[in-house]
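Got two chains here, each in a separate frame; can you build the complex from them with the hints?
Quick note, the sequences are listed as chains A and B, same order. Under the numbering used here, the letters of the first sequence match residues 1 to 256, in that order. Under the numbering used here, the letters of the second sequence match residues 1 to 330, in that order.
Keep in mind that the hints were calculated from the coordinates and are not lab data. Any given hint could be a false lead.
Claimed, not checked - Here are the simulated DSS-like cross-link-like pairs (lysine-lysine), alpha carbons at most 27 Å apart as the crow flies:
| hint | chain 1 | residue 1 | chain 2 | residue 2 |
| --- | --- | --- | --- | --- |
| 1 | A | Lys58 | A | Lys251 |
| 2 | B | Lys145 | A | Lys18 |
| 3 | B | Lys102 | A | Lys18 |
| 4 | A | Lys32 | B | Lys102 |
| 5 | B | Lys102 | A | Lys73 |
| 6 | B | Lys149 | A | Lys73 |
| 7 | A | Lys73 | A | Lys246 |
| 8 | A | Lys73 | A | Lys58 |
| 9 | A | Lys155 | B | Lys149 |
| 10 | B | Lys102 | A | Lys103 |
| 11 | A | Lys210 | A | Lys251 |
| 12 | A | Lys155 | B | Lys102 |
| 13 | B | Lys149 | A | Lys103 |
| 14 | B | Lys149 | A | Lys6 |
| 15 | B | Lys145 | A | Lys103 |
| 16 | B | Lys282 | A | Lys32 |
| 17 | B | Lys145 | A | Lys73 |
| 18 | A | Lys18 | B | Lys282 |
| 19 | B | Lys145 | A | Lys155 |
| 20 | B | Lys149 | A | Lys18 |
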Amino acid sequence: MSDNRKINEDEKGNWNLKPARDLGLDSVSRMKSIARETGFFGNAIRSIWWIFVRSFLKTWNHFQIHGDENLPKNLPLVLIANHSSHLDVIVLSLSIPLSQRSKVFALAAEDHFFQDVSTSAFASLIINALPMTRTGGGKGRESIDFFRSRLMTDKIGLIIFPEGTRSRTGDLGAFRSGIGNLVAGTDIPVIPCFISGVHKAMPPDKSIIKRHPIAVYIGSPLTFKTVEQTKDGCESVAEQCQAAVKQLQQKADTAP
Amino acid sequence: MESRYFDPTSALNPGLFRSMILVISGIYIVSVVAIILLNLAKKLSPKKSEELKLRMISWAILIGVIGLPIVLGAVPSMVGMMILSVFCFNEYARAVGLFREKTMVGLCLFGIIAVNFAAIDAWYTFFNALAIQIACLIAGSAILKDQPKGYTERVGLAVFGFIFFGYGLAHVSYLANDTNFRAVILFLFLLTEMNDVFAYITGHLFGKEKLIPNTSPGKTRAGAIGAVILTTISTVFLGKIVFAETRLDNIALLLPLGLILTTMGQLGDLMLSSIKRDIGVKDLGNVIPGHGGFLDRFDSLVLTAPAVFHFLNFYDGINIQNLNRLITGS
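Chain B extracted, bound-state conformation (with noise of 0.2 Å):
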């Protein structure tokens, strides 16, 4: 067995986690001390400084949570990864009131611990035969309630649900298999944060038209043009740090990367957003002080950890098939 799979030990010997530790620390630090510059420089409202104070200590705190199990190795990672899966999905079958229909929400639970074993298990194959498998058991099965009204409203609900927060989310889990995985989903995380923090600060600074004022209101063309440039150049600097020395290690790969990336990630904000809107709901939870749920955290990582996954697989392989699978295996 691989020692990939539970060694806190060699977490810190490649360097390349390190320097990923320093960055984010680095990250935090500029952010708390501009804070503070603008509170002292009363560019603030009083209202918008004691959210931000809000959303820096529950950063710290969501750093620690999701440091903690990549810094312990890759199935913790990939059991952490599947946790946070099922915390989306709860919080979105609350909001679409999905979660009152017991059969849909037991084989979407069922199917996302079925994906996060595909992915500790490194079984590909699994891994994609069950988005559709799960999809057909929950068509099938809804059948036996007889109860054609609303047929398609539950199935599609529970289809989407599970394709999205729990399917999309298990790529984070499938990463871990990657023999840099801590660098990797630490990448994948802190590029997607960052894309939403970009967003919100050049929206801020320079926004001035709104970019889709009936989903979301509060997001402005800058915003998202600042982000797209801010992303992508993250995107390289970043890359060429974990990507040292791979087939990634190339502007010419790692430009697009940056680019899907900061798209993926507004339109995963941009989806969350269509969501409540629909459903005419502010914030789908209370769980995070300052964020509002996990899914208001974790919106845009619901489309840029599929993509990411697919981006890396194609030119680099996430091991795939080098890998022995860990418990179906011989």
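Looking at chain A on its own, in the form it has when it is part of the complex (with noise of 0.2 Å):
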């Protein structure tokens, strides 16, 4: 008689689902968190949010997105774009689907966007956004190790201008390395993003939103599979990743 039942040595009984990442922190501390997970509350309220600028930016400010065939259809993701204004993250979150939104954090800078409570929570509960050290060094690293794995292991997307800053002139400034640190040796798709018009529509020193013209343009999927994880190889991503965008900005000069 032939019975093929084996006993794997792997074999266990676990849940596939795992607790919220942000379990047990207060609603503070929650904000402020990095391993913040989103509920339904918060998809809730954000959903609202973004029909309601959507239809702000299409009517105002006649806000296009081209080439979103380029967007991988399942995360994770990478965006990067150049930064010239607060209305870059909104106009990135934007072009991604709304089924996918949710899973989609923009890193914002925790020395302007996490210090008090009232702008924590616009950040996190309507922006979705992780907070993100600026100053270098051993706690920046960390978080950019966290969020590499966290966008291997949960398959969230993230938006990052590597910049590092609002341009204060509307042009491409050079690319931090971070980016490298975050997706070198890795398969995870980082796709480049120009966004135009902006700058003219809310630059950094202005809170009004001007009747300008807003689109962005999607290129396709960088991927840095081969790339180490050193300096150079993360010099070189951020090289790789800037010539991308510079790329499309004059795909978007010479557009009609």
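Here it is in structure tokens:
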């Protein structure tokens, strides 16, 4: 009689589902936590917000998305773009399909957005941002490593502005090498984007939105599987990313 | 429409509710005095004393938050209960990881709204039908994802969550259909929470042998026995006031009610401890300072509510036959 029953060494009756990564934190620490996972209530609030901003930008700024066929069907992904206005993060979030948006987080400067409770609440509840230290060094590196593993295990999406700050002139600046530490040696797709018109619509020193057309150009994904996670490797990733965004900028400038 | 649904002015008319308020404030003042005395006698470690202080402050707020809708009327009580139920379910879903399954969470929330609608409507058959029908809806909808891997887990967790934190807690809402609902709901909340407190105090005073060390290392046999004795006695005394001149005004019925309350209360507490141990977390949330999450506080209520509801309904009836349906009735 043939009986193929076997006992596997790795047999474990574990659940597939895991507790929320930010379980047990009080509400303020939760807002500031890099491990935050959004729940049903947060998603419901944000859906209403996204419908509102989308219709506003569509009517007021003729917001357009070009090249969204370049977006991979599934997460994880990293969206990178030039940064010249507070509108950038909204524009990039809107380029991602609504069904994925609750798992896409923007990295926002901890020193700017996560100091007091009201801005933290706005950044976390409405924008779905996670805090990122800008000082570099040990703590910055630690959180980049954390985001790297969240990209791979939690299959999240990240919105990153590798320039590190809003460009005051509207020109594309040099990219910081942090992006390299995040993706070098992995097959996480990095999608370069160029956002045009936002600097005119809402420059860094203004807090009103002027009636100026806004568009986002999405380029084809880059991967850095073969790049080593060293200083040189990371810098080359940053350069390649910057070049890809620059190329999109030229395309945007020649567009009708 | 009955004035019971929304009528804060009637809250103080029956002497019953007034005496319940007196009892609750009496217990609160006695506990505060007891803590102060223990502190003065230096019987408490600074950490414990700080924790107890935080707990008592939270209790004051909780009594206000729970008490206000009950004073306002039956419909606010039910809506308040529904909100508490949603918070409890949310905590559970985040702890077990179910919150990532949008369809499952959506259906459970739909179920919670539906059972509480049935409670407000006083439509008992619909209320009971929803238990299995929502479970069917969950099991059926989970097929559509076409991902058999993890199907049992998703459906199991969702049905568990809906039955205990939705349907189970909605029994408190349904209790609000009783003509004497204010006193009855306060009776349920008060005894459920006092049961926890009794177990905590007697456990700390006399506890040596552990009750069930793998599930909850803090629980002792003395605590469990102390809670059984003290809660049963309190049930009889409070029951004599709350159910005066009804069929339940009878020690032969109040004694078993007390035993059911304390047993189910302690089991509810241990049920949540088992879940927490299984997942490997200490607290389910950090919403109520000193207590943890909503479920850490109301875990016992999840099991006591249906038990007390059916006991009262069996012996005295919760107006089930006499009620007109509020919304769907003609």
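Consistency of the hints with the structure:
1. A:Lys58 - A:Lys251: holds, 22 Å
2. B:Lys145 - A:Lys18: holds, 19 Å
3. B:Lys102 - A:Lys18: Within the cut-off at roughly 15 Å; holds.
4. A:Lys32 - B:Lys102: holds, 24 Å
5. B:Lys102 - A:Lys73: holds, 19 Å
6. B:Lys149 - A:Lys73: With Cα atoms ~21 Å apart, Lys149 (chain B) and Lys73 (chain A) stay inside 27 Å; holds.
7. A:Lys73 - A:Lys246: Holds: Lys73 (chain A) and Lys246 (chain A) sit about 24 Å apart, inside 27 Å.
8. A:Lys73 - A:Lys58: With Cα atoms ~24 Å apart, Lys73 (chain A) and Lys58 (chain A) stay inside 27 Å; holds.
9. A:Lys155 - B:Lys149: holds, 18 Å
10. B:Lys102 - A:Lys103: Given that 27 Å is the threshold and the Cα spacing comes to 12 Å, the pair holds.
11. A:Lys210 - A:Lys251: holds, 24 Å
12. A:Lys155 - B:Lys102: holds, 16 Å
13. B:Lys149 - A:Lys103: Holds: Lys149 (chain B) and Lys103 (chain A) sit about 22 Å apart, inside 27 Å.
14. B:Lys149 - A:Lys6: holds, 20 Å
15. B:Lys145 - A:Lys103: Roughly 19 Å separates the two Cα atoms, so the pair holds.
16. B:Lys282 - A:Lys32: holds, 21 Å
17. B:Lys145 - A:Lys73: Holds, at about 17 Å.
18. A:Lys18 - B:Lys282: holds, 15 Å
19. B:Lys145 - A:Lys155: Distance ~18 Å between Lys145 (chain B) and Lys155 (chain A) Cα, so the pair holds.
20. B:Lys149 - A:Lys18: holds, 15 Å
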